[in-house]
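Undergrad: Residue strings, one per chain:
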Amino acid sequence: MALAESLSGGGARSTLLRAGLARRAEAVVIPLLALLAGLAVFGLFLLTQGKSPVDFFALVWKGAYGSAFSWQNTLSRAAPLLLSALCVALPARLGLVVIGGEGAIVLGGVAAGALAGPLAGAPAIVGLPLLAAAAMVVGGVWIGASGALRHLRGVNETIASLLLSYIAIALMNQLVEGPLRDPASLNKPSTAPLADQLRVGNMPGMDVHWGLAFGIAACVLSWVLIERTTWGFAARIAGGNLRAAEVQGLPVGRLIVGFTALGGAFAGLAGFFEVTAIHGSANASLAAGYGYTGILIAFLARQNTLAIIPVAILLAGFDASSGLVQRRMQLPDATVQVLQGLVFMAILMSETLYGRLRLFAAGKGA
Amino acid sequence: MTSLTRPFSHPLSRRGFLRGSAALGGAAALSSLPLGARAETPLTVGFIYVGPRDDYGYNQAHAIGAAALKEIPGVTVVEEENVPETIDVQKSMESMINLDGATLLFPTSFGYFDPHILTLAPKYPEVRFEHCGGLWSADKHPTNAGSYFGYIGMGQYLNGVAAGHVTQTKKIGFVAAKPIPQVLLNINSFLLGARSVDPTIMCQVIFTGEWSLAVKEAEATNALADAGCDVITCHVDSPKVVIETAAGRGSFVCGYHADQSALAPEKYLTGAEWNWGKVYTDMVNTTLAGETIPNFVRGGLAEGFVTMSPLGPAVPEAGRSQFEAVKAEIMTGGFSVIKGPLKDNAGNVVATEGQAFLETDPSLESMGYLVEGVIGATS
Numbered sequence: 001m002a003l004a005e006s007l008s009g010g011g012a013r014s015t016l017l018r019a020g021l022a023r024r025a026e027a028v029v030i031p032l033l034a035l036l037a038g039l040a041v042f043g044l045f046l047l048t049q050g051k052s053p054v055d056f057f058a059l060v061w062k063g064a065y066g067s068a069f070s071w072q073n074t075l076s077r078a079a080p081l082l083l084s085a086l087c088v089a090l091p092a093r094l095g096l097v098v099i100g101g102e103g104a105i106v107l108g109g110v111a112a113g114a115l116a117g118p119l120a121g122a123p124a125i126v127g128l129p130l131l132a133a134a135a136m137v138v139g140g141v142w143i144g145a146s147g148a149l150r151h152l153r154g155v156n157e158t159i160a161s162l163l164l165s166y167i168a169i170a171l172m173n174q175l176v177e178g179p180l181r182d183p184a185s186l187n188k189p190s191t192a193p194l195a196d197q198l199r200v201g202n203m204p205g206m207d208v209h210w211g212l213a214f215g216i217a218a219c220v221l222s223w224v225l226i227e228r229t230t231w232g233f234a235a236r237i238a239g240g241n242l243r244a245a246e247v248q249g250l251p252v253g254r255l256i257v258g259f260t261a262l263g264g265a266f267a268g269l270a271g272f273f274e275v276t277a278i279h280g281s282a283n284a285s286l287a288a289g290y291g292y293t294g295i296l297i298a299f300l301a302r303q304n305t306l307a308i309i310p311v312a313i314l315l316a317g318f319d320a321s322s323g324l325v326q327r328r329m330q331l332p333d334a335t336v337q338v339l340q341g342l343v344f345m346a347i348l349m350s351e352t353l354y355g356r357l358r359l360f361a362a363g364k365g366a
Numbered sequence: 001m002t003s004l005t006r007p008f009s010h011p012l013s014r015r016g017f018l019r020g021s022a023a024l025g026g027a028a029a030l031s032s033l034p035l036g037a038r039a040e041t042p043l044t045v046g047f048i049y050v051g052p053r054d055d056y057g058y059n060q061a062h063a064i065g066a067a068a069l070k071e072i073p074g075v076t077v078v079e080e081e082n083v084p085e086t087i088d089v090q091k092s093m094e095s096m097i098n099l100d101g102a103t104l105l106f107p108t109s110f111g112y113f114d115p116h117i118l119t120l121a122p123k124y125p126e127v128r129f130e131h132c133g134g135l136w137s138a139d140k141h142p143t144n145a146g147s148y149f150g151y152i153g154m155g156q157y158l159n160g161v162a163a164g165h166v167t168q169t170k171k172i173g174f175v176a177a178k179p180i181p182q183v184l185l186n187i188n189s190f191l192l193g194a195r196s197v198d199p200t201i202m203c204q205v206i207f208t209g210e211w212s213l214a215v216k217e218a219e220a221t222n223a224l225a226d227a228g229c230d231v232i233t234c235h236v237d238s239p240k241v242v243i244e245t246a247a248g249r250g251s252f253v254c255g256y257h258a259d260q261s262a263l264a265p266e267k268y269l270t271g272a273e274w275n276w277g278k279v280y281t282d283m284v285n286t287t288l289a290g291e292t293i294p295n296f297v298r299g300g301l302a303e304g305f306v307t308m309s310p311l312g313p314a315v316p317e318a319g320r321s322q323f324e325a326v327k328a329e330i331m332t333g334g335f336s337v338i339k340g341p342l343k344d345n346a347g348n349v350v351a352t353e354g355q356a357f358l359e360t361d362p363s364l365e366s367m368g369y370l371v372e373g374v375i376g377a378t379s
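Line by line, the protein sequences give chains A and B.
For what it's worth, our numbering labels the leading residue of the first sequence as 1, then goes sequentially.
For what it's worth, our numbering labels the leading residue of the second sequence as 1, then goes sequentially.
Think of the hints as simulated: they come from the structure by calculation, not from any bench.
Everything numeric in this text was worked out from a predicted model, so none of it was measured.
Please note that the accuracy of each hint is not assured.
One side only, chain B facing chain A, incomplete, derived with CB under 7 Å [as the list claims (entries may be wrong)]: (1) Glu80; (2) Glu81; (3) Asn82; (4) Pro84; (5) Glu85; (6) Thr86; (7) Lys91; (8) Ser92; (9) Ser95; (10) Asn98; (11) Phe110; (12) Gly111; (13) Pro181; (14) Gln182; (15) Gly209; (16) Ser366.
Even for Gly, the Cβ is constructed at its ideal location relative to N, Cα and C.
All chains should be built: construct the whole structure from the sequences, respecting the hints.
TA: Here is the structure:
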């Protein structure tokens, strides 16, 4: 203790450092403990069903992370989840709960699918950025509208974004089955197939499309924005106390609309990758629920955009292993949902533990 | 667990091809045997369903078909339910191929074909991909993929015959998912069957816009009952909600996809059911014999692809005899539901005098109209 103090040149600074470290450790250890607790409760649940938890977790490991194929399976599923979780985590920095990312994904995909027609002759270097930009603008406007409604009209952004996502899905169905429909898509109404050069391929050496790299980059950039820029600092202040931020002269309105729109843009980008990397056209399969899984991931990551990366890979892994669990253990598909639900509950409940564990009180006590 | 056992404790399990109540136990026992001990040519068959396999509908019909395979020696069946039409289904197929050694796959949802099966088939040329729905064409698609489907519109026509004898209001109803050719043919067939009994009958259709959306299906059924429809059928993935809601409102019902008579024993007239057990057994036997399944497989009532639920107690004697007579006529072949003179409900001629479309006519698979007498619009 004395040595540390003399080395750091002062007790106050050392205490601050230790407090910071303890806070970081707390933020890692508590969610991990909660995750283990959730898994343990699920193990008990399996025992009541007469199934072996050991077999189950072995299969989850095998199906999610046990081989190169399993890893690629997991990472492919994680790609859209990274982006859709940002649609929740970015507004959350302002204290907003946005749950309508599904709408931005769907309309972003439709925008990409619709614009791909006129751009069919464009080279990839021109066409793909334009498609991505269109998807991000549409997604950004859609979620940004929830933020604007909140700021200008006091409409609850949670309800507004959720209802807007239903409107988005209805709009997609209307467009894909009506004006944008490729007449050749008889029993699965879709926009016209994308030209070959407008398809996004896999990353080199792996069977995972580029959406994963962009998703990870988006999470890192979001972290930089929030933690290392004045905009992010202002957003955190506003998230702590909106009224106080207003009194301080922070541009609260622009922050709210900006952060919701940025989140929506990332969700729109997820729609772009679904269309260009997976489906090859826009159709009703875009409404696959990624927006809703993103909510779960953002909350599990405690709205930390860097933490979204491991959490998305964890949940995508559960998802990837669900098929193997169904096939090998004769368990229904809902089993993995029960597991996700229990983990979610455990992590939410662990929120009450912050600041209460003596182990992490070192900084304060010193 | 429940999700797995329910289809087999359902009355459907009495059907011949499900004989073994041990369908489940048997499969478990098989899969625990070493590979070589099962038969000389072990075959692992993978089934993927878009919804729950106990949905009383589309997915259950396929799951019952898959269960029929479990009795064939040397065949292992692996199944996954609730697999969306996204990258998920590609990975499920690959997982079955890589981790289970499946060499014959039945990804059963229509939306699995393009792009998902088309992406994987070239990558796994030794695996056979059989898709339900009807898009395979020799000049566009891989040869290790194929499509199969059945002429179930004939079943909806027979539903209409039964409905025509029961309706008092002369107005029948149809809850439909999306205005696509397969659905439109069913709606038109249902009405034309009823009009073969009484040409004044009208059919009101409501599109829910989704394949599986229970709330809208219930709302649509209630709206049809409110509008005076006293016989209601549907084309959605799971007819359960429509059947129960309609029967609860006092309407009679006709089934679709699977046998729903257990849900409304008094109100159930009959139903158009898939008989995938026969189709799958044939395909697996072909594969076990070392032959190749044809890439384009179609069949109807006569071929055993489609069957009708037994007539319910509410169908009068006159209806029973006409139902059986029309069914016999369909079985002999050459029967046309869409035949002239016939107009669509916007007044355009769809078949001129003397013109008739056989059930096998490919142009029916791109149908875009509702016939005269159907209240509703495709867009």
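Undergrad: Are the hints correct? Go through all of them and say.
TA: Verification of the hints:
no., hint, verdict
1, Glu80, "holds, 5 Å"
2, Glu81, "holds, 5 Å"
3, Asn82, "holds, 4 Å"
4, Pro84, "holds, 5 Å"
5, Glu85, "holds, 4 Å"
6, Thr86, "holds, 5 Å"
7, Lys91, "holds, 5 Å"
8, Ser92, "holds, 5 Å"
9, Ser95, "holds, 5 Å"
10, Asn98, "holds, 5 Å"
11, Phe110, "holds, 6 Å"
12, Gly111, "holds, 5 Å"
13, Pro181, "holds, 5 Å"
14, Gln182, "holds, 6 Å"
15, Gly209, "holds, 5 Å"
16, Ser366, "holds, 5 Å"
No hint from the list above goes unmet by this structure.
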